[in-house]
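In case you want the letters, here they are:
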Amino acid sequence: EPEVTQTPSHQVTQMGQEVILRCVPISNHLYFYWYRQILGQKVEFLVSFYNNEISEKSEIFDDQFSVERPDGSNFTLKIRSTKLEDSAMYFCASLNYRVGEQYFGPGTRLTVT
Amino acid sequence: EDQVTQSPEALRLQEGESSSLNCSYTVSGLRGLFWYRQDPGKGPEFLFTLYSAGEEKEKERLKATLTKKESFLHITAPKPEDSATYLCAWDTGGGNKLTFGTGTQLKVEL
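If you read the protein sequences in the order shown, they are chains A and B. Each position in the first sequence, counted from 1, maps to that position plus 10 in our numbering. Each position in the second sequence, counted from 1, maps to that position plus 127 in our numbering.
Because the hints were derived from the structure by calculation, they are not lab data. All values derive from a computational prediction rather than experimental measurement. It cannot be assumed that every hint is accurate.
[To be verified] Result set (DSS-like, lysine-lysine): computed pairs, CA atoms no more than 27 angstroms apart in a straight line:
1) K52(A) x K186(B)
2) K196(B) x K52(A)
3) K206(B) x K234(B)
Let the hints inform the model, and build the full structure from the sequences given.
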């Protein structure tokens, strides 16, 4: 069964450093998303991506964040100059548009020290 | 203002003790109501999508229903492996971004 994969599973970085979180969406899906979940809180939408451009972004997704689909399989989230409050689980998701079902990856736990 | 409330926040059941989780909403332009299961430290696992009042979907011991004001996730004869947090989410616009509720943490004991 196809699934969304994410790497790394855990990333530790120092405040101010840049990180890139990687995702491989399900191969025939065209819509991709990033969400985050701070420990003990709700899953929050960050950004959606379609046809090589951002289709919608939340207030959280400021200039510190960027997304890219560098090739036909990967989808990345870059966080420049990380802050302590960026510590969270980051989930990638891809959409089966035909049935409207979003499938999530296992997440990357980002710890900023 | 769009609002979704999940209840209860936590639920403890004995194995075999059926119950229901609630997701009540006041959302304008609801395009879809979604149920996910989330295990600790894992990503949300898709369970169901409901689009219109009266719709019902089933999967093993789970059944999701939707009315104009709320959705229920019914769990019949639960087992310990059903223990997880169950999340309700909704889609109100183009692009299919999901907004999640706070979840119900379910614990099923032997």
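Hint by hint, here is what the structure shows:
Using a Cα cut-off of 27 angstroms, the hinted pair K52(A) and K186(B) holds, with the two alpha carbons roughly 25 angstroms apart. The straight-line distance between the Cα atoms of K196(B) and K52(A) is roughly 21 angstroms, inside the 27 angstroms bound, and the hint therefore holds. The suggested pairing of K206(B) with K234(B) holds, with an alpha-carbon distance near 9 angstroms, which does not exceed 27 angstroms.
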